[in-house]
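Taken in order, these protein sequences are the chains called Z and V.
Position one of the first sequence corresponds to residue 48 (the working numbering), numbered consecutively onward.
Position one of the second sequence corresponds to residue 6 (the working numbering), numbered consecutively onward.
Don't take each hint at face value.
Incomplete in silico selection of chain Z near chain V, CB under 8 Å [to be verified]:
(1) D89
(2) G90
(3) V91
(4) V92
(5) D96
(6) V194
(7) G229
(8) G287
(9) A290
(10) L325
(11) D339
For lysine to aspartate or glutamate, the following DMTMM-like pairs were computed, each having C-alpha atoms within a straight-line distance of at most 25 Å [what the hints assert, rightly or not]:
(12) V/K324 <-> Z/D333
(13) Z/K179 <-> V/D290
(14) V/K186 <-> Z/D339
Worth flagging that the hints you see were computed from the coordinates, not collected in a lab.
From the three backbone atoms N, C-alpha and C, an ideal C-beta is built for every residue, glycine too.
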Amino acid sequence: MRSLTRGCATREPAGGWIEDTVSASEPLLRVEELRVEFPTEDGVVHAVDGISYEVASGRTLGIVGESGSGKTVSSMTTLGLTRSEGARVSGRILFEGRDLVALSDAELREIRGNEIAMIFQDPLSSLHPFFKVGWQLIEAVRAHQNVSKAVARARAIELLGLVGIPDPDRRVDEFPHEFSGGMRQRAMIAMALANDPKLLIADEPTTALDVTVQAQILALLERLQRELGMAIVIITHDLGVVAEMADEIAVMYAGRIVESASAELIFAGPEHPYTWGLLKSIPTLDGPREEDLVPIPGSPPSLINPPSGCHFHPRCPYAQPDHARIDPKLQPVAGDASHQAACLLESDVRRRLWAELRAGRGPEEAKAAVGVTGAAQ
Amino acid sequence: MSSPDATPEPLLEVRDLVKHFPISRGIVIQRRIGAVRAVDGVSFDVGRGETLGIVGETGCGKSTTARLIMRLLDATGGQVRFDGQDVARLKGARLKAVRREMQMIFQDPYSSLNPRKTVGSIVAEPFAIHGLEQGSGERKRAVQALMETVGLNPEHYNRYPHEFSGGQRQRIGVARALALKPKLLIADEPVSALDVSIQAQVLNLLRDMQRRFGLTLIFIAHDLSVVRHMCDRVAVMYLGKIVEIGPNEALYDFPRHPYTGALLSAVPVADPAVAKAGRRLLSGDVPSPANPPSGCRFHTRCPKAQERCSEVEPLLEDKGTGTSVACHYPLTEEELAAMGVRSSR
Numbered sequence: 048m049r050s051l052t053r054g055c056a057t058r059e060p061a062g063g064w065i066e067d068t069v070s071a072s073e074p075l076l077r078v079e080e081l082r083v084e085f086p087t088e089d090g091v092v093h094a095v096d097g098i099s100y101e102v103a104s105g106r107t108l109g110i111v112g113e114s115g116s117g118k119t120v121s122s123m124t125t126l127g128l129t130r131s132e133g134a135r136v137s138g139r140i141l142f143e144g145r146d147l148v149a150l151s152d153a154e155l156r157e158i159r160g161n162e163i164a165m166i167f168q169d170p171l172s173s174l175h176p177f178f179k180v181g182w183q184l185i186e187a188v189r190a191h192q193n194v195s196k197a198v199a200r201a202r203a204i205e206l207l208g209l210v211g212i213p214d215p216d217r218r219v220d221e222f223p224h225e226f227s228g229g230m231r232q233r234a235m236i237a238m239a240l241a242n243d244p245k246l247l248i249a250d251e252p253t254t255a256l257d258v259t260v261q262a263q264i265l266a267l268l269e270r271l272q273r274e275l276g277m278a279i280v281i282i283t284h285d286l287g288v289v290a291e292m293a294d295e296i297a298v299m300y301a302g303r304i305v306e307s308a309s310a311e312l313i314f315a316g317p318e319h320p321y322t323w324g325l326l327k328s329i330p331t332l333d334g335p336r337e338e339d340l341v342p343i344p345g346s347p348p349s350l351i352n353p354p355s356g357c358h359f360h361p362r363c364p365y366a367q368p369d370h371a372r373i374d375p376k377l378q379p380v381a382g383d384a385s386h387q388a389a390c391l392l393e394s395d396v397r398r399r400l401w402a403e404l405r406a407g408r409g410p411e412e413a414k415a416a417v418g419v420t421g422a423a424q
Numbered sequence: 006m007s008s009p010d011a012t013p014e015p016l017l018e019v020r021d022l023v024k025h026f027p028i029s030r031g032i033v034i035q036r037r038i039g040a041v042r043a044v045d046g047v048s049f050d051v052g053r054g055e056t057l058g059i060v061g062e063t064g065c066g067k068s069t070t071a072r073l074i075m076r077l078l079d080a081t082g083g084q085v086r087f088d089g090q091d092v093a094r095l096k097g098a099r100l101k102a103v104r105r106e107m108q109m110i111f112q113d114p115y116s117s118l119n120p121r122k123t124v125g126s127i128v129a130e131p132f133a134i135h136g137l138e139q140g141s142g143e144r145k146r147a148v149q150a151l152m153e154t155v156g157l158n159p160e161h162y163n164r165y166p167h168e169f170s171g172g173q174r175q176r177i178g179v180a181r182a183l184a185l186k187p188k189l190l191i192a193d194e195p196v197s198a199l200d201v202s203i204q205a206q207v208l209n210l211l212r213d214m215q216r217r218f219g220l221t222l223i224f225i226a227h228d229l230s231v232v233r234h235m236c237d238r239v240a241v242m243y244l245g246k247i248v249e250i251g252p253n254e255a256l257y258d259f260p261r262h263p264y265t266g267a268l269l270s271a272v273p274v275a276d277p278a279v280a281k282a283g284r285r286l287l288s289g290d291v292p293s294p295a296n297p298p299s300g301c302r303f304h305t306r307c308p309k310a311q312e313r314c315s316e317v318e319p320l321l322e323d324k325g326t327g328t329s330v331a332c333h334y335p336l337t338e339e340e341l342a343a344m345g346v347r348s349s350r
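Just chain Z, with the same shape it has in the complex:
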């Protein structure tokens, strides 16, 4: 009945402009000093404020942050989805050596959905309710490949099978509302995979899903990455999800990356007080139940008038008076070049503070033990 080819290596990459001259050490995606600003009636929103990161082929980068931290805007900019009248984008987004920021809309369309694909948070609003799932998949295939409808349809069925939808040759003729939430997200993933992307951007792919379905989707993404060798950028607010998926993690706050390191280091030896706050404010399945959680005081800042100096200083229990003036740069932490943090505290003080926090003490006790005084409030 259905013959599913494993993997999708049956097809030449579309386009033909890809030079194989990119050296092995060059990452697949390199973002340099990316800035995205939206002028509004209330002022300029500094949604992304000078961020840099890299993703290598076959690796997974997790971008963690709260709503309004700029994590989604930075990824949508990669695909040119923030291009509009008035939006100001500067910096470089190098994908296989080509700067996506400088490309024309037509050139970018060649890449979007082809070399780089994206899946969104809400699978119901990302699928068109009026068209059959198969039709939407066929459209995705034919947008980049000059093939007949019959070939594209066969590919659509193959893709649905690949993402684990049972009975794909029947399901292909169903409408999105006939799919459950998890199946819709699978269909979205199938659509993203239609043209064998080298980079998949997953923006909160499991936030709208139940925990058992979330586990299925994460396992699916990992399997597909192993089989197809693509790089993944996963954007989420859920530290559990990045712990499972990511090789490297970037923590964003108020439009900037405040800490980046390998997943192991972020969880074992975090260096930024915001990362500490995130880690200490989530209840866990094995933590002490009697203790109150340690919330981060206040709420995320406005991106129109971000706080002066270190953007986190109004909420930081360890901030010193001069942290409101000096703007910290993302710098390697002592002893490890791959671990970067943007914090004005002394490296040694930071480590001692984290040791106290880790032992279950609150921020005030930790400050007393380490001898940090004052707070900016």
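With chain Z's structure known, arrange chain V on it following the hints.
This is chain V only, laid out in the frame that chain Z set:
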């Protein structure tokens, strides 16, 4: 926490609660062609001062259960006894009197506050409905005291909801719920719409309010870590039924129902060193509550299912490990270890 285990007279007794939503077809002449069995025979007690957690996936009936207890919906069958009175049969003034004793906090702090009213009038509304704190000066003082209690600046009395952040709005919801000094507070996913750093603020506030006012709390959530943090006892629902219920420690340390085990196993662990060890994935989706599977409703997805499971419906029974389980073949300790459910035993 060590609140008294179901004391002789629980505050809330729910017995065989049933809610079926009719499915009808036809535009002019509507025919009933079936029913969504959202809640299908649920029984539990909540002791005074206790926190009961209800967990389960979307569509398992946890919110419907809450609405039935509050009598925001009328039950198809069963009883809800609150403080000795059957809520499902009360009318008029007596229903209003009981409703004063129970309040609800909703999931979405954006849609559960009227955008055209000031915070002061939102929080004062329960007073107006029940004719309390009649003088305007008195009412304002009472509202400002409440705002202070939940950590809002009382000077913001005249502001509108849009001037507050999500976490602050949820505090407004808590202030409104506490206005009448209820005995029972039902929180339906109170933090799932909030940012991670704000969630902890609201969870701590709820805990603090509970300690200060001796509230009984029903805490509904899909996040198992949050429920573990907040609750004394936990009920796990699947397709309109409770499949396992018991004290927090017992349920998290030694879950017996395969569904509870699968839920715990699916929670992503915020620690790359231990993530994913032996995870068992549940296959498929939750079946339709309009046409639930025969026998045990979980048998279509259960790794341990046998023939008997599709024929005989298991009843909630104490299996000697602290929780009551509706399962013919409950999980063993070896199976749990293999699933990577970390037990502190």
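Evaluated hints:
{"no.": "1", "hint": "D89", "in the structure": "violated (13 Å)"}
{"no.": "2", "hint": "G90", "in the structure": "violated (17 Å)"}
{"no.": "3", "hint": "V91", "in the structure": "violated (21 Å)"}
{"no.": "4", "hint": "V92", "in the structure": "violated (17 Å)"}
{"no.": "5", "hint": "D96", "in the structure": "violated (19 Å)"}
{"no.": "6", "hint": "V194", "in the structure": "violated (32 Å)"}
{"no.": "7", "hint": "G229", "in the structure": "holds (6 Å)"}
{"no.": "8", "hint": "G287", "in the structure": "holds (3 Å)"}
{"no.": "9", "hint": "A290", "in the structure": "holds (5 Å)"}
{"no.": "10", "hint": "L325", "in the structure": "holds (6 Å)"}
{"no.": "11", "hint": "D339", "in the structure": "holds (5 Å)"}
{"no.": "12", "hint": "V/K324 <-> Z/D333", "in the structure": "holds (24 Å)"}
{"no.": "13", "hint": "Z/K179 <-> V/D290", "in the structure": "holds (21 Å)"}
{"no.": "14", "hint": "V/K186 <-> Z/D339", "in the structure": "holds (24 Å)"}
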